[in-house]
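**Q** So you can see what is in the structure, the chains are spelled out below.
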Amino acid sequence: MTIRTSPSRTTTPARPRRSGDGDAADALVVPDGVVMPGRARPAGPLRREGPAKLTGEAKYADDLVFPGAWYGATIRSTDAHARFDGFDLDPALDWSKIAVVTAQDIPGDNVVSLISDDQPVLVPVGGEIQHHAEPLVLLAAADRDTLRRARHAVTVRTTALAPVFDPLASDHVFAHYEITAGDLEAGFADAELVLEGTYRVGHQEQLYIENNAMIAVPREDGGVAVHGSLQCPYYIHKAMKRSLRLTDAQAQVIQAETGGGFGGKEEYPSIVALHAALLALKAGKPVRMIYDRHEDLAATTKRHPAVVTHRTGFTRDGMLVAQDIEVVMDGGAYCTLTPVVLSRGALHSGGPYRCANVRIRARATRTNTPPNGAFRGFGAPQTEFAAEVQMGRAAEALKISPLDIRRRNLYRLGDETPTGQVLHESVAAEEVLERAAEAAEFEGVAARTSAARARRPGSGHVPGSALRTSRDRTASGIGVALAFHGAGFTGSGEVKLASVASLELDDTGRIRILTGSTEMGQGTKTIFPQLVAAELGLAVDDVDMAPQDTALVPDSGPTVASRTAMVVGGLLIQAARRLKARVEERNGGGAFADVRLADAAAYGPTRIDQQFEPYPHVHFDDATYRGDAYPAFGWAACVASVDVDLDSGEVTVRDVVAADDVGKVIHPILAEGQVEGGTLQAIGYATIEEIKLRDGRYLNDRLATYIIPTALDAPRIHTILVEAPYGGVPHGAKGIGELPMDVGAPAVVAAIHDAIGAWIHDLPASPERILAALGITPSVDQEPSPAEVDATVESPITAGTDPRPDARTDPQVMRGPRDPGEPR
Amino acid sequence: MSGFEATADAATWRFTVNGDQVEVVAPGMRRLLDVLREELALTGTKEGCGEGECGACTVLIDGAPVDSCLVPVCQVDGARIATVEGLAEPSPEGLVLDSLQQAFLEAGGAQCGICTPGMLMAARAYLDNGGGADEGAIREAIAGNLCRCTGYTKIVEAIAIAAGGRR
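In order, the protein sequences belong to chains A and B. Just so you know, our numbering puts 420 at position 132 of the first sequence, and the rest follows in order with no gaps. Just so you know, our numbering puts 146 at position 142 of the second sequence, and the rest follows in order with no gaps.
Any given hint might turn out to be false.
Unchecked claim - Pair ranges (Cβ atoms, derived):
hint, chain 1, residue 1, chain 2, residue 2, range
1, B, E139, A, A886, 49 to 57 Å
2, A, E938, B, S95, 43 to 51 Å
3, A, D794, B, P94, 29 to 37 Å
Bear in mind the hints are in silico, worked out from the structure with no lab data behind them. C-beta atoms are modelled at their ideal positions from N, C-alpha and C, and glycine is treated no differently.
Full structure from sequences and hints, please.
**A** What follows is the structure, encoded as structure tokens:
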């Protein structure tokens, strides 16, 4: 298909430079350790697959046609914890035209291959069901109507077992870590304010708009090819080889256009692919396994709920002297990626602040709920939310501005993290904080909002009237938060992955990029050719991307952890340099762009395979958890402005300024798009996104009841891209995808506090929680007034505790086995 | 997949899609979304939720944006349907993007692209009804279309550009 873009319009401000405009893509030059703010850059090439997406030509999994394909379905548990005694097929139905697959049909290991071998592909008869949506039996039929009748003709027999829903009470621990630095007791002995707080965050759904989808097609060699919506082709490839006993060639994974992932298509697609493949092998037909929204919401992974407890010591002038942090995450029924999520959560739990005396204890436990997994931020949004609210409360207690307390404690060059990592380069905490505060006019606005709050009569402690006056229906507030995010895999992860990215000069002189890195909207297919073209001195359109098909491309590692631009992009640049050097050398030193056609004619195709080599000076000991947890960190600050409706408790996030340091901006429009999208997901997390459970089942497992922000809920987002390059990669880029997710929620909660004078400890800051915090709905009995709170921490400030212990508005322990639920 | 599909008798329905007259034999309660995608092979229109929440399946029926997952085909007999496939102009060299698509492409209004067809149709209806570059009005016009990638910023910007304004 050829799609031409229409002629340039006069209305377009600063038409983006496009490939083919004559000159090569912008050369990428890393400034010498300079932190560069601002966004006045060329816009970068147009999104490569953009025209196909805009015309409807792009083929997502459900758009693919395979003649004669059958439709697949999954029979799931309806118990949270039970023994699977068996199942009955209604003899009234003609089962000869239906493929039925059980655990017995699995040729290889009945394990979804990931970190731990605990999760079965299908629970075998006699086995233990661990959660409410657990797959038991698979069905496929030639048409949907037959399939529907078959689904209703299966009866599952189970014997109920006692479930566990409270992660704090669960004794099945998936992973635990303890990170210590300095002398905690000595630190607290020096403290003039000791602040305690417990913060709870719940599940969050990734809510990619395209549901999980996979189509399996039997291959003539006895293997299976799967086409689907996915982030990590080689995770699926590995899972297929193991469970289906296939060779490398027999297991083929091909990415279809993918309608969003956000971590939600990192691990679960392995299950969907295995199910589709098992049915395809049984039926001898292609099988379409396309989830609808209800099944996707009910069964697939969510962000881990967490309870984070802080005990923090400060001096009177706001210097952090001791941090004692406990993190408990709810892993759900199986291990999945939980140990790594917990690890990242723990490593980020202190926030981007220097502290000499630290103890971080983290554990993740099993509950009988659907497994939790990867979601943008990967453990860090949970723990950094807690750290930032804690920091905001300390500022309030010490009567220091929220900006100043951060300025005094934030990481600077040469500081050491609790794992002993010395930050030798690429530190931009101060830069992002100052840029965001400046652009949002934080100090001026905060002076006005706090003056308005002080003037407001009846500030919150008269039940029934609260802050509402005839003049003020809403209260405005502004809040700031600061965060960091480790770039790439944690610890020795990248070394173990040993990713490969390849580059080919084909025999016609065109360049082809071969990587397993997937495009799911973030811009992989645009920035990779951009990086390579810049290195080779070519136009972007001279560089092709090979499809993400395991039969064609090497394993470049998973497309996760904000690692694609940084790690795989770095490999491609190295590959391009080698290719350029080789071709120029054998062509008498002529410039690559000039000699490539002659080279191709003379030497035929040339391929460079570039394998990851450990970054210099990065060492981490997985056993002791000491060393460089990440090669570098990205830094983000967010200033949010909110209006709180004093009658309804609804929060409107009006404006956000997001300043994000990404090392090096490759493509400003795509980079801004990452910040804007991640920021809105964080605002959803902060204000409206919540999953209610009853007996281990999600109650709001439809899009009518699990809500995400619309265009009307979304604030204006002003993005400031800051560049503090990382020297370990040739282009200096550090990754961007997850960074904005870490910082939005605490900024919103700080803004709510600025508006109404109460801290919300539990996300989301729903109207119910706001009204309770305002004293309008129950739990006002022992509510101390803000004045009393101030008094308790004012003099002497040695034993501050959570100032509003009764303000907790959610009496449930994070989830509700006995949750009364909400009207649906 | 309408629940009535199996039991209802198929009938013949005539309407236009992107200016072309079509005739479809289908049960009257079959969803317009399925008719478009499966009978007419117009897979540009996407399904995101199947219950009218996400707007990914938005098409125009007689110029009005409608969730095609909530419309039985019997309701569009005689109607004019417009889908994303009808936006770009065919030319001997290939499709030429319309000004709205071009603005989305340049401003970064499409990321993963799954909401894009529905978003474009909602925006097209807004522009065709005389909508301008006002941010609030644009946000209102696409409030029925969920996007999880962009934070809507660049979508709003693209529609404003297409409306002839700057932001």
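**Q** Determine for every hint whether it applies to the structure shown.
**A** Now the hints, each set against the structure:
At about 54 Å, the beta-carbon gap between B/E139 and A/A886 stays in the expected band of 49 to 57 Å. Our hint of 43 to 51 Å for A/E938 and B/S95 holds, since their Cβ atoms are close to 49 Å apart. A beta carbon spacing of about 31 Å between A/D794 and B/P94 agrees with the range 29 to 37 Å that was offered as a hint.
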